[in-house]
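> Residues 103 to 720 (the numbering used here) make up the sequence shown, in order.
One should not assume that every hint holds.
Said to hold, decoys possible - Listed next, with one range per pair, are the computed distances between beta-carbon atoms:
(1) Q597 / T219: 16 to 24 Å
(2) E565 / P228: 43 to 51 Å
(3) S267 / M158: 20 to 28 Å
(4) K547 / N315: 27 to 35 Å
As the list claims (entries may be wrong) - Derived lysine to any residue pairs resembling SDA-like cross-links, with alpha carbons at most 20 Å apart:
(5) K135 / D154
(6) K464 / Q597
(7) K142 / K178
(8) K648 / F580
(9) K136 / P241
(10) K547 / A195
(11) K178 / P241
(12) K582 / V714
(13) K266 / K379
(14) K292 / L319
(15) K648 / G590
(16) K292 / G264
(17) K283 / K379
(18) K135 / N152
No lab work stands behind these hints: they were computed from the structure. Glycine included, each C-beta is placed from N, C-alpha and C at the ideal position.
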Amino acid sequence: MSNTTHKVVVTNMSALKAKYGAAGATKIESAVKKLVAADKRRGLATVFVNLDDAAMMKNLKAPRVSVTTPDPQNTKHAKQYKRAIDGVYKAYAPDYLVLLGAIDVIPHQDLHNPLYTGAPDGDPDPFAFGDLPYACEAPYSQRPEDFIGATRVVGRLPDLTGAKSRPDYLLNLLRQASEWKALPAAEYRKYLGISTEVWKDSTDLSLTNIFGNSSDLQISPRAEHRWKAALINSRAHFINCHGGDTYPNFLGQSSLDERDMPVSHEAAYVGGAGRIKEGTVAAVECCYGGQLYDPAAAGQAGMCNTYLASGAYGFFASTTVAYGPATGNDAADLICQYFLRLVLEGASTGRAALEARQKFVKTVSPISPTNLKTLAQFNLYGDPSIAPVVAASPHIAVGSKNAMVAKGLRGMVGASGALLPKTGSVDAKALQDTEAHQRSERRDKLRVEGLVLTQTQAVANREQSAPNAAVQASLQKFAKQFDLTPSGMLSFNVQAPPAAKSAALSKLPLGGALRGMSKNVASSSTDAASSASGTTAFHVVIGVKKPNTNPATTTSSGGQTAGGLPPKTPVGGSVAKNINRGAPGGVASPAHVVPKFFVLEAKEVNGIIVAVSELHSK
Numbered sequence: 103m104s105n106t107t108h109k110v111v112v113t114n115m116s117a118l119k120a121k122y123g124a125a126g127a128t129k130i131e132s133a134v135k136k137l138v139a140a141d142k143r144r145g146l147a148t149v150f151v152n153l154d155d156a157a158m159m160k161n162l163k164a165p166r167v168s169v170t171t172p173d174p175q176n177t178k179h180a181k182q183y184k185r186a187i188d189g190v191y192k193a194y195a196p197d198y199l200v201l202l203g204a205i206d207v208i209p210h211q212d213l214h215n216p217l218y219t220g221a222p223d224g225d226p227d228p229f230a231f232g233d234l235p236y237a238c239e240a241p242y243s244q245r246p247e248d249f250i251g252a253t254r255v256v257g258r259l260p261d262l263t264g265a266k267s268r269p270d271y272l273l274n275l276l277r278q279a280s281e282w283k284a285l286p287a288a289e290y291r292k293y294l295g296i297s298t299e300v301w302k303d304s305t306d307l308s309l310t311n312i313f314g315n316s317s318d319l320q321i322s323p324r325a326e327h328r329w330k331a332a333l334i335n336s337r338a339h340f341i342n343c344h345g346g347d348t349y350p351n352f353l354g355q356s357s358l359d360e361r362d363m364p365v366s367h368e369a370a371y372v373g374g375a376g377r378i379k380e381g382t383v384a385a386v387e388c389c390y391g392g393q394l395y396d397p398a399a400a401g402q403a404g405m406c407n408t409y410l411a412s413g414a415y416g417f418f419a420s421t422t423v424a425y426g427p428a429t430g431n432d433a434a435d436l437i438c439q440y441f442l443r444l445v446l447e448g449a450s451t452g453r454a455a456l457e458a459r460q461k462f463v464k465t466v467s468p469i470s471p472t473n474l475k476t477l478a479q480f481n482l483y484g485d486p487s488i489a490p491v492v493a494a495s496p497h498i499a500v501g502s503k504n505a506m507v508a509k510g511l512r513g514m515v516g517a518s519g520a521l522l523p524k525t526g527s528v529d530a531k532a533l534q535d536t537e538a539h540q541r542s543e544r545r546d547k548l549r550v551e552g553l554v555l556t557q558t559q560a561v562a563n564r565e566q567s568a569p570n571a572a573v574q575a576s577l578q579k580f581a582k583q584f585d586l587t588p589s590g591m592l593s594f595n596v597q598a599p600p601a602a603k604s605a606a607l608s609k610l611p612l613g614g615a616l617r618g619m620s621k622n623v624a625s626s627s628t629d630a631a632s633s634a635s636g637t638t639a640f641h642v643v644i645g646v647k648k649p650n651t652n653p654a655t656t657t658s659s660g661g662q663t664a665g666g667l668p669p670k671t672p673v674g675g676s677v678a679k680n681i682n683r684g685a686p687g688g689v690a691s692p693a694h695v696v697p698k699f700f701v702l703e704a705k706e707v708n709g710i711i712v713a714v715s716e717l718h719s720k
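Input sequences plus hints: build the corresponding full structure.
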């Protein structure tokens with residue numbers, strides 16, 4: 103079964119019928135059949151699995167889903183879906199797994215947020231909802247530290263949460279997934295990069311790492327948020343702004359007055375005709391940027407749903423409060439960078455998401471509390487098999503006519519055939535077979551990589567007790583230095599994964615050398631977690647700062663105060679009132695609560711604080 107299936111689309115037809123009626127569900131099934139046929143022309147064998155079909159799931163030896171109207175916050179529902187999807191994946195071992203439907207069809211998994219305390223000026227999210235566990239082989243758990251080694255390529259094609267009667271939105275996304283076309287890399291060299299003014303330095307670095315320059319960086323509140331075609335028509339988008347719970351827009355922030363938070367990216371404008379070009383790929387750092395809320399709650403669909411409806415092929419974003427520094431890169435900066443760079447290099451959006459997760463875990467090791475939440479909360483929205491960018495390959499496809507392989511060519515073969523020479527000199531079947539072989543080898547390597555990460559990476563594990571008196575005194579001192587009023591302190595031990603987890607890797611059909619290497623790496627990681635030189639604990643201070651407000655100054659287009667002085671160091675507060683103080687072209691957002699607090703994350707080595715990082719809520 104697994105040898106002939108490349109892609110599996112899973113959904114809950116009972117949930118879709120409850121939303122759209124029998125006629126609507128039939129239309130969705132018809133659209134999925136068209137997707138299956140389109141995939142076949144590209145060389146992908148795709149199957150459609152109804153998770154609540156008892157006979158189908160029994161045949162796959164997988165437990166069925168019995169929930170008709172899943173509740174995203176019901177632990178029993180989340181566990182049921184995780185078990186069912188794990189069973190389907192075990193039966194097929196596909197290269198791609200598509201979750202079809204929003205969170206009221208297939209719920210996100212309910213991972214505990216390691217930073218949640220319930221404090222009013224702290225992280226407001228009890229859960230870091232996401233699809234990460236569906237990409238991992240570990241069984242259901244609410245512990246994010248159990249899912250640090252992703253092995254599967256997973257993406258979600260959502261409908262609209264809470265939608266009724268008409269499935270037009272989902273039908274449109276299925277049509278786009280059936281008709282997508284890969285484009286030359288040159289189509290993705292231009293970008294739309296947006297940043298708050300206070301995070302300009304960090305975003306500048308991110309864009310340089312992705313595109314080699316930051317010359318087109320748009321800063322809010324300096325820039326007009328209703329972007330001209332030359333910017334918004336760019337097919338690569340990178341956004342580092344503020345976002346809010348059940349709020350459709352993103353916000354900028356002045357470095358002169360922290361209350362100055364105009365709209366920097368407006369969902370209603372973005373969704374207008376001709377704005378988002380087909381094939382757009384977006385990496386979004388903003389808090390709640392990937393939240394799939396009911397549009398009726400805000401009068402406008404969220405940014406994620408808006409991008410996908412407008413023709414975006416991939417949207418990589420967070421479900422909850424995200425984190426990052428004002429200068430340098432960490433947390434959301436890194437995982438978003440990795441994703442977009444991989445797409446631009448020719449990876450499918452799904453593989454880019456998987457490799458971004460794996461690279462992130464390796465880069466930030468040992469995994470701190472903020473980075474653990476980052477890993478848990480970022481998701482890919484869009485068909486994961488789409489490879490937007492055609493990239494050169496050194497391989498030759500051997501068939502009736504030999505040809506160089508181009509990664510992403512499957513997007514052009516079949517229905518469009520745009521990349522095939524008119525002479526027919528390229529053997530399309532040979533190209534597809536060669537790419538399928540390469541893809542299979544990549545998946546094997548990525549699975550091993552994920553299992554090795556599960557074995558070897560040290561991760562923060564929250565303690566029940568508060569930091570000891572000496573550590574608390576040090577943290578209070580740092581909080582004072584950073585002008586932070588603490589609302590809570592947390593401590594985390596750094597623990598290497600349990601030795602029992604090594605059993606999964608030992609069962610892989612791999613050579614002894616690789617198994618031995620993995621065991622050595624695991625041993626090194628375990629030793630590092632307890633050695634004199636390794637990180638032994640993390641301590642977190644969450645709090646707010648006194649707002650920096652200066653009514654006498656306004657931001658000019660040159661980023662200076664009216665008196666010509668450079669912008670002040672940004673400071674924050676717990677609630678953004680979102681006023682606009684004369685930013686050119688700026689539009690004030692309506693008053694509402696935007697999560698706005700700071701985190702000091704201290705690294706301890708055997709009782710001594712050796713480093714402190716300041717992170718901002720996005």
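> Look at each hint and say if it fits the structure.
Verification of the supplied hints:
Our hint of 16 to 24 Å for Q597 and T219 holds, since their Cβ atoms are close to 21 Å apart. For the pair E565 and P228, the beta carbons lie near 18 Å from each other, so the given range of 43 to 51 Å is not met. Against the hinted window of 20 to 28 Å, the Cβ-Cβ separation of S267 and M158 comes to about 27 Å, which satisfies the hint. The hint said 27 to 35 Å for the Cβ distance between K547 and N315, and at roughly 32 Å that hint holds.
With a C-alpha separation of about 18 Å, the suggested pair K135 and D154 falls inside the 20 Å cut-off, and the hint holds. At most 20 Å may separate the alpha-carbon atoms for a hinted pair to count; K464 and Q597 meet this at roughly 15 Å. Taken as a hint, the K142 and K178 pair is broken in the structure, with Cα atoms around 36 Å apart against an allowance of 20 Å. A hinted pair counts as satisfied when its Cα atoms are at most 20 Å apart, and K648 with F580 qualifies at roughly 16 Å.
Taking the CA atoms of K136 and P241, the gap is about 33 Å. The hint is violated against a cut of 20 Å. Using a Cα cut-off of 20 Å, the hinted pair K547 and A195 holds, with the two alpha carbons roughly 14 Å apart. Proximity of K178 to P241 is assessed by CA-CA distance (about 14 Å); at most 20 Å being required, the pair is judged to hold. Using a Cα cut-off of 20 Å, the hinted pair K582 and V714 holds, with the two alpha carbons roughly 13 Å apart.
Restraint check for K266 and K379: the C-alpha separation of about 28 Å exceeds 20 Å, so the hint is violated. For the suggested pair K292 and L319, the alpha carbons sit about 11 Å apart, so the restraint of at most 20 Å is met. Only pairs whose Cα atoms come within 20 Å are accepted, and K648 paired with G590 is accepted, the gap being roughly 16 Å. The suggested pairing of K292 with G264 is violated, with an alpha-carbon distance near 36 Å, which exceeds 20 Å.
Annotation: proposed proximity of K283 to K379 holds, straight-line Cα distance about 12 Å (limit 20 Å). Of the supplied pair hints, the one linking K135 and N152 holds, its CA atoms being roughly 13 Å apart against a limit of 20 Å.
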